[in-house]
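S.K.: Chain by chain, the residues:
Protein chains: 4
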Amino acid sequence: MAVVEVTIVPLGTGETSLSQYVADCHHVINKYNVTFQLTPMSTVFEGDLDFILKIIKEMHEIPFDKGVMRVSTTIKIDDRRDKNGTIEQKINSVKEKL
Amino acid sequence: MAVVEVTIVPLGTGETSLSQYVADCHHVINKYNVTFQLTPMSTVFEGDLDFILKIIKEMHEIPFDKGVMRVSTTIKIDDRRDKNGTIEQKINSVKEKL
Amino acid sequence: MAVVEVTIVPLGTGETSLSQYVADCHHVINKYNVTFQLTPMSTVFEGDLDFILKIIKEMHEIPFDKGVMRVSTTIKIDDRRDKNGTIEQKINSVKEKL
Amino acid sequence: MAVVEVTIVPLGTGETSLSQYVADCHHVINKYNVTFQLTPMSTVFEGDLDFILKIIKEMHEIPFDKGVMRVSTTIKIDDRRDKNGTIEQKINSVKEKL
Chain Z
577 MAVVEVTIVP
587 LGTGETSLSQ
597 YVADCHHVIN
607 KYNVTFQLTP
617 MSTVFEGDLD
627 FILKIIKEMH
637 EIPFDKGVMR
647 VSTTIKIDDR
657 RDKNGTIEQK
667 INSVKEKL
Chain R
577 MAVVEVTIVP
587 LGTGETSLSQ
597 YVADCHHVIN
607 KYNVTFQLTP
617 MSTVFEGDLD
627 FILKIIKEMH
637 EIPFDKGVMR
647 VSTTIKIDDR
657 RDKNGTIEQK
667 INSVKEKL
Chain P
577 MAVVEVTIVP
587 LGTGETSLSQ
597 YVADCHHVIN
607 KYNVTFQLTP
617 MSTVFEGDLD
627 FILKIIKEMH
637 EIPFDKGVMR
647 VSTTIKIDDR
657 RDKNGTIEQK
667 INSVKEKL
Chain B
577 MAVVEVTIVP
587 LGTGETSLSQ
597 YVADCHHVIN
607 KYNVTFQLTP
617 MSTVFEGDLD
627 FILKIIKEMH
637 EIPFDKGVMR
647 VSTTIKIDDR
657 RDKNGTIEQK
667 INSVKEKL
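Protein chains in written order, with this note's numbering: chain Z, 577 to 674; chain R, 577 to 674; chain P, 577 to 674; chain B, 577 to 674.
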């Protein structure tokens, strides 16, 4: 189980607003049974790393499908094998220490 | 107004768990009147860029204060000047398109 | 063709030095015929995105093979389809404007 | 002494090419006596953290000065206090293990 953060940024679009691209990428997520959280700067997934990377690669294609010619995608993987890291466990771990 | 994401990772600590460090860094935030959100992978702030960078620099020192000798800090700034970008506005912008 | 930057950070190792892990990860790269550049903060690849992601996934496993229990891997993809983006072209593009 | 990587990306420019913006940001660097390296994905500095952040904040303003309305800037700080981390030392540390 990994927790994986992704940000997909289309470049050279001519508009400062990117939320329509984010929404279009999220339509990909809805096709899969995967736990995720939308944050102000990214989308965070939890689950099997290969499965999540497959979803991210599909999301990364969306702006190109809409005519964008350059996409900058950042993926941050937190892969922990001594413990079952999940979105909820990570947040709770911090909160109970606050 | 900028939206700024930060992740502070102590290196060479000998333990895989980092939540105590995150919690300690958050005690810095509580000293300030600043809007923020804890995500599974980071902390996201909104507000004046210089003010947020000042808080982040103070947070970055916390692991060193606790004896850590190497800290990896990632800061991602989303600075928009045509519109008042906030945490709530960014999330809502996507949600209303879904 | 994409240009892809990767950083693989083992967590909880008990030592601040990480260069041995970076060197071990690089032994994976040497098995493949791929163009790459070592930078002070990362490794940068150029080539087919799927091929590079395959190499990165193999590199990501190396610290686990050596007993590490948590690995933080960051991947940054610059995927351009209007032009053949390469490491050399990106650097030269900037240098000729300086 | 810290090693700090920065990437400054103007959004909504209408052109996929960003090298002119990178070059313009580099004119800021030339005003200062600072060690840096241009990589295919970023600029890497070494030196005093506060000094480098001051330079980065000045670079971050350059696209706005040229009319851009949204800028995404990523800063990655590798701050080591048990050893004098430099660009050269980091690269050599890996190379001598290869």
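It is worth saying that the hints were derived from the structure and are not from the lab.
Heads up, a few of these hints could be off.
[To be verified] Label-pair restraints from in silico Cβ distances: (1) Z:N668 / R:V604: 35 to 43 Å; (2) B:I667 / Z:Q665: 35 to 43 Å; (3) R:N660 / P:F640: 19 to 27 Å; (4) Z:E591 / R:K633: 32 to 40 Å; (5) P:I667 / Z:K630: 38 to 46 Å; (6) B:K659 / Z:K630: 34 to 42 Å; (7) Z:N606 / B:Q665: 22 to 30 Å; (8) R:E637 / Z:N668: 41 to 49 Å; (9) R:D658 / P:K659: 35 to 43 Å; (10) Z:N609 / B:K633: 22 to 30 Å; (11) R:N609 / P:M577: 41 to 49 Å; (12) B:K607 / R:M577: 41 to 49 Å.
Glycine included, every Cβ here is placed at the ideal spot set by N, Cα and C.
S.K.: Decide, hint by hint, whether the structure agrees.
M.R.: Consistency of the hints with the structure:
For the pair Z:N668 and R:V604, the beta carbons lie near 21 Å from each other, so the given range of 35 to 43 Å is not met. Between B:I667 and Z:Q665, the C-beta spacing of about 37 Å keeps the proposed range 35 to 43 Å intact. Between R:N660 and P:F640 the C-beta distance comes to about 44 Å, which lies outside the given range of 19 to 27 Å. Taken as a hint, the range 32 to 40 Å holds for the pair Z:E591 and R:K633, whose Cβ atoms sit roughly 33 Å apart.
Distance hint check for P:I667 and Z:K630: the Cβ-Cβ separation is about 32 Å, which falls outside the suggested range of 38 to 46 Å. At about 40 Å, the beta-carbon gap between B:K659 and Z:K630 stays in the expected band of 34 to 42 Å. At about 48 Å, the beta-carbon gap between Z:N606 and B:Q665 misses the expected band of 22 to 30 Å. As the Cβ distance of R:E637 to Z:N668 is approximately 26 Å, the hint placing it in 41 to 49 Å is violated.
Taking the beta carbon of each, R:D658 and P:K659 are about 28 Å apart, not inside 35 to 43 Å as hinted. One distance hint, 22 to 30 Å for the beta-carbon pair Z:N609 and B:K633, is violated here, with the actual separation near 44 Å. As the Cβ distance of R:N609 to P:M577 is approximately 48 Å, the hint placing it in 41 to 49 Å holds. At roughly 28 Å, the beta-carbon separation of B:K607 and R:M577 lies outside the given 41 to 49 Å, and the hint is violated.
Checked against the numbered hints given earlier, this structure breaks hints 1, 3, 5, 7, 8, 9, 10 and 12; the rest are met.
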